[in-house]
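Asks: These are the residues of each chain, in order.
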Amino acid sequence: MKNKNTVLLKTLLKSTSIINILQTSKDKKKKGRLIGGIVGMALLYAMIVFYCIIVSIGYAQNGLADKMASMSALLIGLIAFVFTLIKTNSYLLNFKEYDMLMALPFTEKTIVGSKFLYMFVKSLPWYLTISLSFMVGYGMAVSPAWYVYLLWIVLTIPISMIPMLFASLFGFLVARVSAAFKHWKAVQAVLLFAFVGLTFMSRFFMEKLFRDNEVSDIVESVAGTTDKMGKYYPPMAWFEDSVTGKSISGALLLIGVAILLFEVIFFIYSRSYKKINGTMKTGVARRKFKLKEQKKKSAVRAMAMKELKRFTGSINYLVNMGIGYVLALGLGIASLFVGLEKIIGVVTEGAPITGTMILPAIPFFVYLMTGMIPTTTASPSLEGKNYWIIKSLPMTDFDIYGGKILANLYISLPAQLISTLLLCISAKAGVIETVGYMILGVAMCLFSAIFGCASGLHFMRLDWENEIEVIKQGAGVMIYMFPNMILTLVLMVGSIILSTIIGKTFVVIAALFLYTILTVLFSLRIKALAKKR
Amino acid sequence: MSLLQIENYTKVYSGTKKAADNITLNVEAGDIYGFIGHNGAGKSTTIRAIVGVLDFTDGEIFIDGHSVKKEPIECKKVTAYIPDNPDLYENLTGIQYLNFVADVFEIDADVREARIREYADKLEITSALGDPISSYSHGMKQKVAIISALIHEPKLMVMDEPFVGLDPKAAYDLKEIMHDMCKRGSAVFFSTHVLDVAEKLCNKVAIIKAGKIIANGTMEELVGDKSLEEVFLEEIDEK
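From first to last, the protein sequence lines stand for chains E and X.
Numbered according to this note's numbering, the first sequence terminates at residue 1325, and the numbering increases by one at each position without gaps.
Numbered according to this note's numbering, the second sequence terminates at residue 389, and the numbering increases by one at each position without gaps.
I should point out that these hints are in silico values taken from the structure, not numbers from a laboratory.
Watch out, some of these pointers could steer you wrong.
[Stated by the list, open to error] With a cut-off of at most 27 Å between alpha-carbon atoms, the simulated DSSO-like pairs for lysine-lysine come out as follows:
1) X:Lys219 to E:Lys1073
2) E:Lys1177 to E:Lys806
3) E:Lys796 to X:Lys220
4) X:Lys291 to E:Lys1073
5) E:Lys888 to X:Lys167
6) E:Lys818 to X:Lys272
7) E:Lys1084 to X:Lys167
8) X:Lys219 to E:Lys1067
9) X:Lys227 to E:Lys901
10) X:Lys362 to E:Lys974
11) E:Lys1066 to X:Lys291
12) E:Lys1324 to E:Lys820
13) X:Lys167 to E:Lys1080
14) E:Lys1073 to X:Lys220
15) X:Lys168 to E:Lys1067
16) X:Lys359 to E:Lys974
17) X:Lys350 to X:Lys291
[To be verified] Covered stretches of chain X, going by a simulated chain E footprint (3 or more residues, C-beta under 8 Å):
18) 199-208
19) 215-228
20) 236-245
21) 250-260
22) 280-287
[What the hints assert, rightly or not] Take a look, some chain X residues computed to stay more than 12 Å from chain E by CB distance:
23) Met151
24) Asp171
25) Glu268
26) Lys272
27) Gly315
28) His329
29) Glu371
Predicted, not measured: the structure shown is a model, and the values here were computed from it.
For glycine and all other residues, C-beta sits at the position ideal for the given N, C-alpha and C.
The shape of chain E in the complex, shown without the other chains (with noise of 0.2 Å):
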C-alpha cells in the first residue's frame, strides 16, 4: 500500500517536471522555452555560487573558517523565510486544483503537508547550492574529515525546511485572520506587505547587534555577532555545532525539530484548511450594480485598466511585485519625518557620508526598489488560459503590450516621483537637480517596464498551474531582475563617483542617454517579440 503523502506529493512533482513535459509533450515551442529557461537559471545558479565561494574564501583568508557553517544557515534562513512567506499561501492554500484533491480521500493535513514537501523540493535546489558552496569553501580552508560534508549535505535539508515551516505558519496566520473578514484580500496583502516590511527591518536588527559587539578585532567581532545570532535562532548554532564537530546532538536536534514542527503546524493548518478555503474561492457578491454612464477608453488604456484590476485582483502578484513601490514610498515618508541623515547613518553604520554626497544616487536608490520587479515580467504569461481574450480582439501589438507598460508605468511612476522628490527635499536638494533627478526617474521607470515586458514576452509561458510559478519563479521575472539590478548598482556607485569629476547634470544627461538606448533596443526586441505570440 503507498502512502497517500507520498502518492500526492509524487504527482505534484512530476505534473510541473520538466522531464516529465520533455518526454510527453509534442510541442517544440514549449520544449525550446522550456530549455531556454534552464539555460537562463543555470546562469543565475553559477552566479550564486561564484558569489558564495568568494564570500567563503573570505571568510578563511580572516580566519573565520569555523564561522560558515552558520552564515550559510543565517543566509538560507533569511532567504527562505522571506520568500516562503511571500509565496505560501498560494502553494498551500486556494491554489486551482483544491475542489479536485479535496474530493478525493486525502485528509486536509496530507493535502497541505504535500503541498509544502512540493514547495520545498522545488524550492531546496537554490539552498542547497548556497550551502554547499560554502561547505565547499568551508572544505578547501580546513579539509574537515568525509563525515562532516555528509552531514552538511544532509543538515541542509532541515536548515531550509525550519524557516519555511515558520514563514508557512506566519502565512496560515495571515490568511486565517483575514478569513474573518469580508473583503479578506485587502486585509492579506495588508497583512503580508507588513509581515514582508518588518523582515526586511530585522537587517537593522541584525546591524545592531553586529555594532554593539564593540571590539576592534573584525574577526572576533565576526565570530561574537554570529554566536550572538545563534542564540536568538537556534538552529543556525546546531548546524554549526553538528558540521564543526563540536556536538552532534545539534544534528538530532535540526532534524526533530524540523519534524516536529511539520507535524504541529499542519495540524494547525488542517484545523480550519476548509474555513479559509471556502472564504478565498467564494467572491464578495453585493448584487447591488446599478448601471450607469459608461465611459469610452482607448484600447491602449482599457487594457491598462485590466491590468491594473488584474494586479490588485490577485494578494500573490500584488503583494510580490508591489512591495518595491511600497517599500520606495515609505522610504520617503520617512526621510520626510526621520530625515535623510539619520536614515543614511543607519543604513552605512554611522559611516562620515552626508545626504549632500549621496545625493546623485538617490533616483538609482528609489529605482532599485521601484524597478526591482516590473508586472511587465509576468503579465504576458499571466493572460494563461485568458489569452484567447486579448488574441481575439482586433487589438494590435502595441494596444496590448502598450497597455501592459503603460499599467506598470500608472503603478512605478507614482512611488518612483513621490519618493524622489521626498528624498531631495530632505537632502536639501535644489529645484534643477530635483527635476532633474525626477525626469531620470521616469526615463528608468520606462526602461524598467519595456525591458520587464521584453523579457516577460520572450519567456512567456502560458501553461502554469499556479500563477507564483510565473510571477515569483518565471524565467522572464529572473532574466530581468538580476542584470537590471546589477546595472542599477553600477549606475549608482558610479554617479556618486562621476558627480565629483564631471559634475551632477551630466551624470543625469549621460544616464538618461543611456537609459534612452536601452529602451529603443528593448522596444525594439518587444516589436519583433510580439509578432512571434
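Could you slot chain X onto chain E? The hints should help.
Replies: The following block gives chain X in isolation, referenced to the frame of chain E:
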C-alpha cells in the same frame, strides 16, 4: 437505503448571505437525482459541501451513513465528484492522471487497467491517454475526469453540469454509464441546466431557488402531464 442524506443543510457566506438555506434531500440507491436551478441559486455550493470541498454552517450531510463533517475520508472513499470545469494536472498525461487517482483509491494494477480500458474505449479516448492533458479539449478533459471518477466504482456519483462540452456520443455514453451505475445499486446526483436531459434521465428532481428547495420529489409527482421546463418556470415565477 439512503446513499445521500442532506438534513437542514445551511451555508452562510460572510456572516450574512445565505447560499443554501435549510436544505433537506434524500438520494436512495438506484436514484438518478437531478438538481436544477438558475445560475447562482446555490447548486454548486450544495454540491461542493456534499463532496467535502466546502464547509457549511448548519445541518448534516451523510453519505452511505457516514457524516461528511465527522468522517470525511469514509465518505470520499465511496463518492466520485466531477466538477463543471475539471482542473486536472495539465502537464501530466491522461494515463498518468488516472494512475494517480487509482493510487489514491488503492486500486490493484490489473483492476485499474481493466476499468481504464473499459471506460476509455467507451468514451473513445484511449489513443489520447499518452498525451499531456494540456493538449486536450474541454470535452476530452471531461472524459478523463469521468474515467477517474469511475475507477473506484463509487456508490455515489456527484456531478456539476456533467454534459457541458461533451460531444453527443460521449453524452450518450455518460447517460448509459449513469444507468449502469444505478442498476448496480449506486446513485447519481447531478446539477444541470438542460431540462430535457433531466426529464428523460432522472427519476427524482429538486428545484432550488435563492438557496431554498422550492420543489422536490419523483419526476412523475412533480411533472404530471406537463414538461419539466413548464414546471420549472412556473415554480421559479411563483415562489
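Asks: Against this structure, judge whether each hint is valid.
Replies: Status of the hints after comparison with the structure:
{"no.": "1", "hint": "X:Lys219 to E:Lys1073", "result": "19 Å, holds"}
{"no.": "2", "hint": "E:Lys1177 to E:Lys806", "result": "21 Å, holds"}
{"no.": "3", "hint": "E:Lys796 to X:Lys220", "result": "20 Å, holds"}
{"no.": "4", "hint": "X:Lys291 to E:Lys1073", "result": "22 Å, holds"}
{"no.": "5", "hint": "E:Lys888 to X:Lys167", "result": "25 Å, holds"}
{"no.": "6", "hint": "E:Lys818 to X:Lys272", "result": "26 Å, holds"}
{"no.": "7", "hint": "E:Lys1084 to X:Lys167", "result": "25 Å, holds"}
{"no.": "8", "hint": "X:Lys219 to E:Lys1067", "result": "12 Å, holds"}
{"no.": "9", "hint": "X:Lys227 to E:Lys901", "result": "17 Å, holds"}
{"no.": "10", "hint": "X:Lys362 to E:Lys974", "result": "23 Å, holds"}
{"no.": "11", "hint": "E:Lys1066 to X:Lys291", "result": "26 Å, holds"}
{"no.": "12", "hint": "E:Lys1324 to E:Lys820", "result": "14 Å, holds"}
{"no.": "13", "hint": "X:Lys167 to E:Lys1080", "result": "13 Å, holds"}
{"no.": "14", "hint": "E:Lys1073 to X:Lys220", "result": "23 Å, holds"}
{"no.": "15", "hint": "X:Lys168 to E:Lys1067", "result": "16 Å, holds"}
{"no.": "16", "hint": "X:Lys359 to E:Lys974", "result": "24 Å, holds"}
{"no.": "17", "hint": "X:Lys350 to X:Lys291", "result": "25 Å, holds"}
{"no.": "18", "hint": "199-208", "result": "holds (count 5)"}
{"no.": "19", "hint": "215-228", "result": "holds (count 4)"}
{"no.": "20", "hint": "236-245", "result": "holds (count 8)"}
{"no.": "21", "hint": "250-260", "result": "holds (count 6)"}
{"no.": "22", "hint": "280-287", "result": "holds (count 5)"}
{"no.": "23", "hint": "Met151", "result": "21 Å, holds"}
{"no.": "24", "hint": "Asp171", "result": "16 Å, holds"}
{"no.": "25", "hint": "Glu268", "result": "21 Å, holds"}
{"no.": "26", "hint": "Lys272", "result": "22 Å, holds"}
{"no.": "27", "hint": "Gly315", "result": "14 Å, holds"}
{"no.": "28", "hint": "His329", "result": "23 Å, holds"}
{"no.": "29", "hint": "Glu371", "result": "31 Å, holds"}
Violated hints: none; the structure is consistent with every hint.
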